[in-house]
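Residue numbers (UniProt numbering), protein chains in the order written: chain A, 1 to 265; chain B, 1 to 357.
By construction, these hints were calculated from the structure, which means they are not laboratory data. Possibly wrong hints are sitting among the right ones.
[Said to hold, decoys possible] Some chain A residues well away from chain B (every beta-carbon gap over 10 Å; in silico): (1) G5; (2) A28; (3) L78; (4) A83; (5) L113; (6) F121; (7) I126; (8) T203.
[Unchecked claim] Partial list, derived from the structure: chain B residues whose beta carbon lies under 10 Å from chain A: (9) Q47; (10) G76; (11) I79; (12) A147; (13) I150; (14) G316.
Built from N, CA and C at the ideal position, the CB exists for glycine as well.
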Amino acid sequence: MHKNGFFSLLFHALFVTFIVAPLVVVMAMAFTSKGYLSLPTEGLSLRWFRALADNQEMLDAFALSIKLGLASATIAALLAIPAALAISRYDFPGRGAVTGFLLSPLMIPSVVLGIAFLRFFSLAQIGGSFWALTLTHVIVVLPYALRLTLASTIGLERDIEHAALSLGASRWTAFYRVVLPRIRTGVVGGWMLAFIQSFDELTMTVFVATPGTTTLPVAMYNQISQTIDPLITAVSTVLIVGTLLLMLILDRMVGLDRVLIGEGK
Amino acid sequence: MAFLTLEGIVKTYGTFRAIDGLNLEVRHGEFIALLGPSGCGKTTTLQSIAGFVQPTEGRIVLDGRDITHVRPEQRGLGIVFQSYALFPHMTVAQNISFGLEMRGVPTAERGKRVDEALDLVRLAGLGERYPKALSGGQRQRVAIARALAIRPNLLLLDEPMSNLDAKLREEMHIELRAIQRELGITTILVTHDQVEAMTMSDRIAVMQKGRIVQIDTPFEAYERPHSPFASAFLGKTNAFAGAVQLRNDRCCHVQVHDTLMHVPHEDRTLGNDVNVYIRPEKIRLVALGSGRFSGRVRLRVFLGNLWLMAVESRLGLVHMTLPNLGTPPPEEGSEVGLDWSDDDLRLLDREVAHGQV
Ligand SMILES: Nc1ncnc2c1ncn2[C@@H]1O[C@H](COP(=O)(O)OP(=O)(O)OP(=O)(O)O)[C@@H](O)[C@H]1O
Ligand SMILES: [Mg+2]
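All chains, full assembly: derive it from the sequences and hints.
The following block contains the structure:
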């Protein structure tokens with residue numbers, strides 16, 4: 001880590017440039033005073049941020065996406081914990097099949113899922129509700145939550161749980177006081193990934209979203225397919241800055257490297 | 001009246017019998033070692049007592065109460081795991097306090113009992129550390145303190161020393177034994193280390209293929225093994241294959257190669273295939289021509305307190321040990337005389353030995 005050679009530095013510099021440059025350009029464009037997409041060459045303006053604040057549709061979509069992300073990530077994480085514990089602990093018949101099934105949305109194209117859900121909801125007549133949308137997102141994000149939770153339960157020693165039991169803890173107490181703290185980073189990491197996936201999901205959601213349940217990506221997509229005004233860059237800027245702040249806070253609280261890379265201590 | 005009784009315990013995994021009809025009676029306050037090679041079912045036995053493994057057949061009775069189907073959290077046993085299984089996210093004091101909390105001990109008393117437990121294992125003052133910040137030996141003491149803090153009626157130890165270096169292990173043997181005596185707590189130790197079993201236990205239960213093949217005091221088990229397996233497992237021994245040639249009511253004469261060895265206090269059928277055993281330390285080095293045998297020194301190794309020698313004789317290669325008394329024994333290649341007392345010879349049927357060593 002300490003001896004970064006010339007090529008290593010060059011590589012990192014190029015990498016960062018290619019990742020960051022588009023973001024910087026988008027953010028810069030948000031401050032234009034013009035009515036079309038352009039870099040703010042003739043003075044900065046907060047015009048498009050004001051337009052965003054007045055755009056109720058966009059704000060509703062944003063709130064819905066947050067709510068949807070929180071709900072689906074939380075449900076997925078709660079389902080992932082017992083599933084991961086069972087998969088890593090017991091060698092039950094059909095274990096491979098269950099694991100495959102739970103991770104399968106990762107392998108099914110989102111378009112296919114979207115069409116399937118659309119058909120299903122119209123048959124079952126439950127389309128257009130928040131919980132129907134949540135259900136679809138839980139299914140799409142569960143594999144992400146499960147992947148990371150599994151990573152932390154697979155190496156988990158059975159002994160410490162046994163030790164807790166032998167000391168008189170009930171099964172629930174042993175889980176809550178001893179097992180959960182050990183797999184916390186995996187669960188939190190899985191939750192975060194699930195939230196991001198849900199917040200970000202467009203391909204499947206466009207099929208099932210209705211005027212009452214428009215998520216932010218769908219609203220943004222609708223926006224740019226109708227007009228090309230810099231409002232979209234203002235939304236993007238808010239998202240980029242918001243994500244950055246969230247990352248900083250999470251890093252302070254749990255340590256991002258530990259959550260995303262694994263137990264580093 | 002036994003404090004702990006295991007009655008006909010069987011545990012099968014598919015068709016494999018990990019424990020195969022095991023019986024054991026442990027007296028109150030006794031220290032028992034379960035000794036046997038890897039895979040003989042020691043851990044499975046201990047886990048059955050702890051309640052983490054449900055025996056396929058048999059009964060476990062603790063202090064008059066049948067606990068065969070009692071849940072582990074209701075058995076009230078103290079267990080020290082091979083991995084120590086300390087809770088890494090809790091401090092030493094919190095680890096020890098956990099069991100007390102589960103028992104509803106009031107906070108003030110908990111603190112007192114944590115301190116007592118730490119004193120007992122000589123770790124006073126380390127309560128605020130996390131397990132990560134402790135050495136292997138200290139972690140092990142915490143594990144012992146945590147198990148003892150709940151004042152269990154039975155202490156179970158699964159190879160508790162196997163992660164410690166040799167010197168620390170010796171210290172812990174003596175210390176753990178002292179603690180066990182002081183508290184008078186009934187203890188079962190699982191180990192495959194015969195020295196560990198001998199130094200700590202009142203009785204050794206030698207296990208083979210899911211059964212206890214002999215249970216005796218360390219001295220008896222070492223001096224009078226019931227089977228070639230037990231004999232080979234408890235320390236080194238010389239084995240000579242032979243056949244019974246002559247017998248009377250006081251001894252057997254066994255033909256080994258061209259030599260007749262007579263083994264007192266043994267009675268065998270004529271012609272029986274047997275092994276004659278003698279421990280290396282029971283063989284003496286004597287002046288050439290004055291002992292029962294003579295031979296040529298093949299190997300001479302200095303171990304500090306002992307000399308290890310291998311002597312080529314008419315009986316084959318004979319291993320012996322000599323205490324280091326200040327003068328080195330004859331060098332490799334020299335002719336020496338060997339002697340022993342017939343009382344130190346042991347006789348076991350070879351068919352028992354079938355498939356062994
Ligand atoms: N869950 C299981 N499924 C199948 N076989 C098992 C299981 N647990 C143990 N066994 C088998 O039972 C036998 C006894 O295992 P056990 O762990 O009791 O051995 P041990 O005497 O403690 O050995 P070691 O000294 O290596 O710890 C072994 O052959 C092992 O492979
Ligand atoms: Mg074992």
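**Prompt:** Going back to the hint list, which numbers does this structure go against?
**Reply:** 14
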